[in-house]
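There are 2 protein chains.
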Amino acid sequence: MPLEIRPSQALRLWRQVHLDLVRDGQADLSARQTAILLTIYLELPPHTVRGLAQQLGVTKPVITRALDTMGKLGLVTRKRDEFDRRNVVIQRTVAGALAVERLADLVTERARELGGG
Amino acid sequence: MPLEIRPSQALRLWRQVHLDLVRDGQADLSARQTAILLTIYLELPPHTVRGLAQQLGVTKPVITRALDTMGKLGLVTRKRDEFDRRNVVIQRTVAGALAVERLADLVTERARELGGG
DNA sequence: CCCGATCGTTACGGGTCCGTATCATTATCG
DNA sequence: CGATAATGATACGGACCCGTAACGATCGGG
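Residue numbers (the numbering used here), protein chains in the order written: chain A, 1 to 117; chain B, 1 to 117.
Hints were generated in silico from the structure; no laboratory data involved.
Please read these numbers as outputs of a predicted model, since none were measured by experiment.
One should not assume that every hint holds.
Chain copies aren't distinguished; within one or between two, either way the pair holds.
[Stated by the list, open to error] Keeping only pairs whose Cα atoms sit at most 20 Å apart, straight-line, the calculated EDC-like set for lysine to aspartate or glutamate is:
id	residue 1	residue 2
1	LYS72	GLU113
2	LYS60	ASP20
3	LYS60	ASP24
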């Protein structure tokens, strides 16, 4: 069941949502951070630094730093894996789930408002 | 003619496109820069620093810096307004138009691949 | 038990961005 | 003219991020 959308509609949707994110001020997430956040909340756990780095095609420090920032914002948490103490398991938070949900509603609403152009 | 999309589809689309942008490496645009770029290429000219700042709800230095960066990337150009030399008119470029077009195709393609979930 | 492999983190030098305040240039109007 | 307003750019101190390299902690096989 593919989603029918024309390139011009896609651009207007992309622009409007980014405008909303910038104006709400809640948007200080880079493209990388957004990709990380949504991967954590959409893909099945467990999530590790190494796994995320592989999925995004970036180095591990990039993930570590992004998790630092998002941790300060309360969007994710880290926990040692007790079965292999080298690993760190990234966990979801209530605030993170709410932020993701808000983004989903924002995109959905803006898509609904799109005209035919 | 609204676009029908469910929140879960919106999130998967958002995630997949951001993953593509990160992986392509061509994505070093922040949310603000993306909003600026798409505003320039979707809205009718002329575009000025002040006008963009108002539309985004940010200060003028934010626009100036973003234009500096995007100028280095060849995505936009600045030109003095000859009729009011205080103004600077932001102009589109071939490279910028191509980048916008690529983004449109990317979003469209990823939307097409969405399942019903 | 020890040595190599693996994990996530940190250090480093360099770059970009932020918000506020200030600046030079140009236009406008008395 | 001169004063005021408006525009975009710049300076500043602080924060974040990048890529590379190195690090300490932990596991696992010989």
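Results of checking the hints against the structure:
1. LYS72 to GLU113: neither (34 Å within a copy, 34 Å between copies)
2. LYS60 to ASP20: Only across copies: LYS60 and ASP20 sit 18 Å apart there, 31 Å inside one copy, limit 20 Å.
3. LYS60 to ASP24: between (30 Å within a copy, 17 Å between copies)
Violated hint: 1 only; the structure is consistent with all others.
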